[in-house]
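Position in the sequence shown counted from 1, then plus 285, gives you my numbering.
For the record, the hints were derived by calculation from the structure and aren't laboratory data.
Note that beta-carbon positions come from the ideal geometry of N, C-alpha and C, so glycine has one too.
Errors might be hidden in some of the hints.
Claimed, not checked - So the derived label-pair ranges between C-beta atoms look like this:
#1 D510 x D406: 23 to 31 Å
#2 K351 x D510: 25 to 33 Å
#3 L345 x G447: 39 to 47 Å
#4 F378 x S495: 27 to 35 Å
#5 S393 x S497: 34 to 42 Å
#6 K351 x E403: 20 to 28 Å
#7 P508 x E416: 41 to 49 Å
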Amino acid sequence: MNHSSSEKEPETIEPLRYLSKKEMAAVESELLRDYRFGQQQLIEIWGHASAIAITKAYPLSSLSKKQPTVLVICGPDQNGSIGLVCARHLRIFEYEPTIFYPKRSPNSLHQDFTVQCEKMDIPFLSYLPTEVQLINDAYNLVIDAILGPETDLKDVKEPYSGILLTLKQVKIPIASVDVPSGWDIDEANKDGINPEVLISLTVPKKCATSFSGKHFLAGRFLPYDMQKKYELNLPEFPGTECLIEL
286 MNHSSSEKEP ETIEPLRYLS KKEMAAVESE LLRDYRFGQQ QLIEIWGHAS AIAITKAYPL
346 SSLSKKQPTV LVICGPDQNG SIGLVCARHL RIFEYEPTIF YPKRSPNSLH QDFTVQCEKM
406 DIPFLSYLPT EVQLINDAYN LVIDAILGPE TDLKDVKEPY SGILLTLKQV KIPIASVDVP
466 SGWDIDEANK DGINPEVLIS LTVPKKCATS FSGKHFLAGR FLPYDMQKKY ELNLPEFPGT
526 ECLIEL
């Protein structure tokens, strides 16, 4: 007897799409222009989700040092502000973040996030030790929020080129926000840092296809119409979680 007519065809799940720099810029522009998301709102969503990803990857109980210290290194643009928000939420989650923010943005929106961290008594380093052992001894991990998808790698100068050289030598884990600093968003890593954890924001970028560490997709807010338009094939997030491990 043939049961084939009553049997359901298995659903084919399309693979998650990894976006190029150009595609990601289009997504972000549409969120801001057509859906009226605010820049500050997006940075807050992403920073909060990044902090939660850190708590999943490095729970307080798993940290090797007596104090739950975390070094958050922030760049001058949007990724740096996401790092500031991440640090603030980690403080609320009872971690002890310290921020290194060598070139503060003149943008008032980014300055707001700096003030919020200062008001919560999160310390800011005046310089990054070049002696790597000092970093290894003082912190459980480093959060890399330095160079975001918007960065043109040809324009990376000091202090960031020096910071990347230091991060290539540290022995403690690195968790990168959105794109590991020094990686070309559209290509596999050739000469960037080597993070243990990558927190992709909203949609993973093309460079993440070559990432072999622990990979989170964070930020669960993208309107369904946009998901469909860009054929993102986002995974099903568990329950009410704002992130998922890929």
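Do the hints match the structure? See the list:
no., hint, in the structure
1, D510 x D406: 23 to 31 Å, "42 Å, violated"
2, K351 x D510: 25 to 33 Å, "49 Å, violated"
3, L345 x G447: 39 to 47 Å, "31 Å, violated"
4, F378 x S495: 27 to 35 Å, "30 Å, holds"
5, S393 x S497: 34 to 42 Å, "39 Å, holds"
6, K351 x E403: 20 to 28 Å, "25 Å, holds"
7, P508 x E416: 41 to 49 Å, "48 Å, holds"
In this structure, the hints that do not hold are numbers 1, 2, 3, in rising order.
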